[in-house]
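There are 2 protein chains.
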Amino acid sequence: MIQVAVLGYGTVGSGVVEVIEKNKEMVNKKAGEELNVKYILDLRDFPGDPYEDKVVHDFTRILEDDEVKIVCETMGGVGAAYRFTQQALSAGKSVCTSNKELVAAHGPELLALAKANTCNYLFEASVGGGIPIIRPLNYSLTAERIEEIAGILNGTTNYILSKMEKEGADFDSVLKEAQEKGYAERNPEADVEGYDACRKIAILSSLMTGKNVDYQKIYTEGITRITAEDFSYAKAMGRSIKLLAVSREAGERTLAMVAPCMISREHPLYMVNGVFNAVFVKGNMLGDSMYYGRGAGKLPTASAVVSDVIDCARHQGKVIMCFWDEEDAPLQGIDDTESRFFFRVRKDGEEKAKELFAGAECISLPEMPEECGVVTGKIKEKDFAARYEQLGNARVGTRIRVD
Amino acid sequence: MIQVAVLGYGTVGSGVVEVIEKNKEMVNKKAGEELNVKYILDLRDFPGDPYEDKVVHDFTRILEDDEVKIVCETMGGVGAAYRFTQQALSAGKSVCTSNKELVAAHGPELLALAKANTCNYLFEASVGGGIPIIRPLNYSLTAERIEEIAGILNGTTNYILSKMEKEGADFDSVLKEAQEKGYAERNPEADVEGYDACRKIAILSSLMTGKNVDYQKIYTEGITRITAEDFSYAKAMGRSIKLLAVSREAGERTLAMVAPCMISREHPLYMVNGVFNAVFVKGNMLGDSMYYGRGAGKLPTASAVVSDVIDCARHQGKVIMCFWDEEDAPLQGIDDTESRFFFRVRKDGEEKAKELFAGAECISLPEMPEECGVVTGKIKEKDFAARYEQLGNARVGTRIRVD
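Here the protein sequences come in this chain order: L and P.
With our numbering as the guide, the letters of the first sequence map in order to residues 1 to 403.
With our numbering as the guide, the letters of the second sequence map in order to residues 1 to 403.
Hint data in this document are derived by calculation from the structure and do not stem from the laboratory.
Note that the structure is predicted; figures quoted are calculated from it, not measured.
Take every hint as true, because none was put in to throw you off.
Note that identical chains are pooled: a pair holds if it fits in a single copy or bridges any two copies.
No more than 25 Å apart at the CA atoms, straight line, and that leaves these computed lysine-lysine pairs for BS3-like:
(1) Lys-29 to Lys-318
(2) Lys-24 to Lys-54
(3) Lys-166 to Lys-235
(4) Lys-38 to Lys-24
Let the sequences and hints guide you as you build the complete structure.
Written out as structure tokens, the structure reads:
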């Protein structure tokens, strides 16, 4: 029997206990041994909970119990979670986590610590919730040089954008509704400003390059400035607007960014709606592939944590392959990145826009006779910004990248 | 250095050599050791080929060379490929294959043989070409009870159906064009009759149940009777027609079948067009997920074979987990399966159809005034067949299942 401890009895933590219990037969078969949750660490008590007798308040109980071989860190944050993870790994206990902040901030250090103590630090649940993506990148696409990863990695923003698209509604009203329904946090910043997606693409970028991609260096733009009008143009162009988290080979460097993007109907990510997430991966041999599923939620995320627990159980005393060095990956700055852009301009600025962006396409919509939409060719971000600036007051709304 | 032999220097076999060479740095890093192709077995010679000196004609050269640890079987068929695989595994050499016929026909026996000789039999490339699906099922979705797998597993039929849909063309003309372009074989039976998809869903079903699903017992229907008119109805209903290979929990039994199906725009498989393949997986915790990519082609398939080679390299002397027992999985017969059906009927049969299928919906298209389309509710296959029969000469074309 393998003893497991769960840190944090919140949504994901309680899901982990539930998955291990509900799918007991399958889980134990795959683990090769029976798994048992021995401790649940939480500051609270849970009187009446079927597992209340497993709840402890002191991490040292877990740390000092040699029977505990695997720890699930489902607390979140980079404070106590970081300390407990370091201590567990130092004691040779494997750690499985859903904590993207911690993985993005200290991934390579914790991986090295696990390796030094012949145990494992696994984080399948930290990106894409229930979508298997970390393991496919690490174990399946091993014969590939990965050229690009593009993901819809945040369910809240995808829900909001899908609803704006479907209903022609504006951002504020959809956000409010999402908050009322519990799909968005009361403080929605981490989601709508793209910070959550930024942590996740930092992790995927690091696995893609084998080096460390610092999330603080990733250009990140949220969805708060996207309007119902932008969706009208997108629709007329056969496109949708998605918050994309991208990592791409750029010569010897890597471009990583998070920003809304108008993607075409032909792109596999076009059909990813509502709370679903997906990760598009382009390999130099494989070509395009995509991994799609529920990016969040109690049971999908918990299922991913438990798949890591099973992996740890099967690899006791062995270090599972993961290439993520502490060395920083050289990143391409946003200024030198080439993109295409969509923007809106008042009719009296149309001629100037055409001058500034030679070869740009213009789209006029009958319902908005006083303006038009412009789609540029590929242009460096800094050149676009300089020319766009020159349009001054003729600009309407924001600019959006086009794939 | 790990010595590798490639059996069969055809499309996939030469792709394997190419991937190992082109992505050398990545492949060796992931394998943890340098991989070297020592032998290529083929009946032919390849004068002028950069690897001509590696070509041998006698399998015993490979079998008796103790340096060869991993064999890639990219010959196809169940004759020599079967014998060579048995011999290699018996000698403790791991075998990686793209040969779906052999895996479907003798998978559990060969897995047991590998286990007995502490080596591995891996077959990621046998289903979905370059799409990682075997490894995700075996290593990632380990905490799940999988309730359903539905796949678009054959690129040729998906290409044909996509083209029929897009161009309003009929089956014969699109098949002919596909043959001219090399997308379909001169003898297209294995593809268009669903036999290829049947082998692949047999493999996935077996991994889903952990028991053996005999491909010969899988109800299989091809796409040869699908017409341009069927696509007109599908379009009017917001649906597409895909050749689906399905495996589904049915109480204590498993339903496995291959048949064309009208799927709705909301289904993740709806957008899988052309030569792309995808596998939809429903888990009891994870909910819906999907894996999408190139289902065939030299380099994608070869990349999957090489990912298996890397896995073997990292697990020398260890048996990689795979649950596929020789015991037959109990299958649900097609007769007792419930489906919804679409069919076409002459106007003079419409009333009778409505009587026979209470609650069915009727769709009339202006361009086909002499007939209508009917969509039934869920009904047992055998009951449907009996009632449909009663429509006699009023029936037009074939019937198609509806998801």
